[in-house]
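*Asks:* Sequence:
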Amino acid sequence: EVAELLQIDPNTVRNHFKRYRTEGLAGLNRVGE
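In terms of this note's numbering, the sequence shown opens at residue 1180 and continues consecutively.
There's no promise every hint is true.
As the list claims (entries may be wrong) - Pair ranges (Cβ atoms, derived):
1) E1212 to E1180: 12 to 20 Å
2) Q1186 to G1211: 13 to 21 Å
3) G1211 to P1189: 27 to 35 Å
4) N1208 to I1187: 25 to 33 Å
5) V1210 to V1181: 16 to 24 Å
6) A1182 to G1211: 28 to 36 Å
Rather than coming from a laboratory, the hints here were simulated on the basis of the structure. Using N, Cα and C, we set each Cβ at its ideal position, and we do this for glycine too.
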């Protein structure tokens, strides 16, 4: 619901969450590199 409200693809949110769970904040900092 939040992703839809912010017009963010739910798959992107899931992928970022998975990356955060496996790599922590350091992994999120590398998104887009």
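*Asks:* Evaluate the given range 25 to 33 Å for the C-beta pair formed by N1208 and I1187.
*Replies:* 19 Å, violated
*Asks:* When you take the CB atoms of G1211 and P1189, is the distance between them in 27 to 35 Å?
*Replies:* 19 Å, violated
*Asks:* Okay, A1182 versus G1211 on CB: inside 28 to 36 Å?
*Replies:* 18 Å, violated
*Asks:* If you check the beta carbons of Q1186 and G1211, does the distance land in 13 to 21 Å?
*Replies:* Hint holds: Cβ distance 18 Å, inside 13 to 21 Å.
*Asks:* Indicate whether the distance between the beta carbons of V1210 and V1181 respects the range 16 to 24 Å.
*Replies:* Given a distance of about 18 Å, which is inside 16 to 24 Å, the answer is holds.
*Asks:* Taking the Cβ atom of E1212 and the Cβ atom of E1180, is their distance within the range 12 to 20 Å?
*Replies:* 30 Å Cβ-Cβ, so the 12 to 20 Å window is violated.
When the structure is compared with the earlier hints, violations turn up for hints 1, 3, 4, 6 and for no others.
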